[in-house]
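A.B. asks: Just remember that my numbering sits 1 ahead of the position in the sequence shown, which is counted from 1.
Please note that a few of the clues may not be correct.
[Said to hold, decoys possible] In silico lysine to aspartate or glutamate, DMTMM-like type, Cα no more than 20 Å apart, as pairs:
no.: 1; residue 1: K239; residue 2: E108
no.: 2; residue 1: K102; residue 2: D163
no.: 3; residue 1: K82; residue 2: D129
no.: 4; residue 1: K82; residue 2: D178
It should be emphasised that the hints constitute simulated quantities derived from the structure, not laboratory data.
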Amino acid sequence: MKAELTTKNDYLYEEWAAVRRFWAIWCPSCCVCPYRRADICFKEARSPYGTAKRQSPRKLGLDLFFKKNGDLPEDTIVFGKSAVLTCQAGGTPPPTIHWVKDGHRIEQGSPDMLSNTNDEAFYEDVVDKEGRPLLRRSYTKALLYLDCITADMEGDYSCVVDTPTRRITSTTSLRVDRLVDDSTDLDKFRDDSEEKSCLVKRSFTDEMSARIYLWTSNRVEKSGATIQLFCRAEGFPKPRITWRTPSRKEISESDPGYGLLPNGDLLIRNVRWSHMGVFTCIADNGSGADTKSTFVYPTK
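From just these sequences and the hints, can you work out the full model?
C.D. replies: Spelled out as structure tokens, the structure:
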């Protein structure tokens with residue numbers, strides 16, 4: 002787990018770094034964004050040399066998109082080693098992500114959480130109190146852990162990004178490199194032994210450190226709405242997920258204004274300017290811990 006910040010200066014530095022990352026993603030041409038209304042910055046780029054108008058991402062049809070254009074790069078993975086695939090997408094409403102290998106969905110999560118509803122359930126608001134649509138602008142990031150690689154893991158891997166109305170896919174082809182000469186019986190015996198060992202390691206019969214495989218990295222929403230921040234983890238035993246506020250306070254079940262969902266997600270009810278900052282998701286199962294951060298930006 003990341004070390005706790007020990008000084009006020011460290012905390013303020015992380016907060017400012019998060020703000021800069023946020024505007025780099027959502028408002029790359031804005032030199033100054035002094036407003037609390039995200040839609041102003043989306044439509045108006047300001048600099049010391051003047052002001053330029055431009056359309057918002059939603060008007061340009063960017064309601065679902067990958068952070069990086071094109072498919073995932075082709076790669077070679079090494080027999081017996083481990084690898085991680087990364088996928089990040091932005092959209093309105095917040096996108097969910099899952100992985101597919103050769104046309105078959107890859108299940109992620111602890112054994113008692115393996116269900117499609119684990120990553121498709123939404124509890125947040127869709128419209129505000131006046132019935133007007135909310136912003137629901139979000140970035141989701143996903144990781145696919147390939148542990149103790151064997152020959153059967155070679156193939157086409159797709160990152161599938163979904164919203165209720167759209168789906169986009171990015172695919173990469175992975176080839177397994179054995180790094181041995183298969184011409185002898187000894188090498189073949191070694192491969193068989195290593196493959197059986199990998200199958201045991203990949204099963205849930207042994208301890209596996211907690212690791213977060215899907216989370217919300219950035220979220221923008223109108224003040225007053227209820228928002229849902231993703232945080233999904235896997236490991237054995239099943240990881241316990243906790244959340245911390247931007248002030249580093251741990252959120253409990255009894256905290257008013259928050260909701261902790263069974264799949265690890267966090268609900269923030271009546272989000273307001275005081276919520277602006279970095280929320281931290283921590284997954285821990287005694288065998289290891291993992292930490293991810295989400296930057297939340299409430300607008301007027």
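A.B. asks: Compare the structure with each hint and give your call.
C.D. replies: Now the hints, each set against the structure:
Taking the CA atoms of K239 and E108, the gap is about 15 Å. The hint holds against a cut of 20 Å. Simply put, K102 and D163 have alpha-carbon atoms about 17 Å apart, close enough for the 20 Å limit, and the pair holds. Simply put, K82 and D129 have alpha-carbon atoms about 49 Å apart, too far for the 20 Å limit, and the pair is violated. Only pairs whose Cα atoms come within 20 Å are accepted, and K82 paired with D178 is accepted, the gap being roughly 10 Å.
Going through the hint list in order, the structure does not satisfy hint 3, though it satisfies all others.
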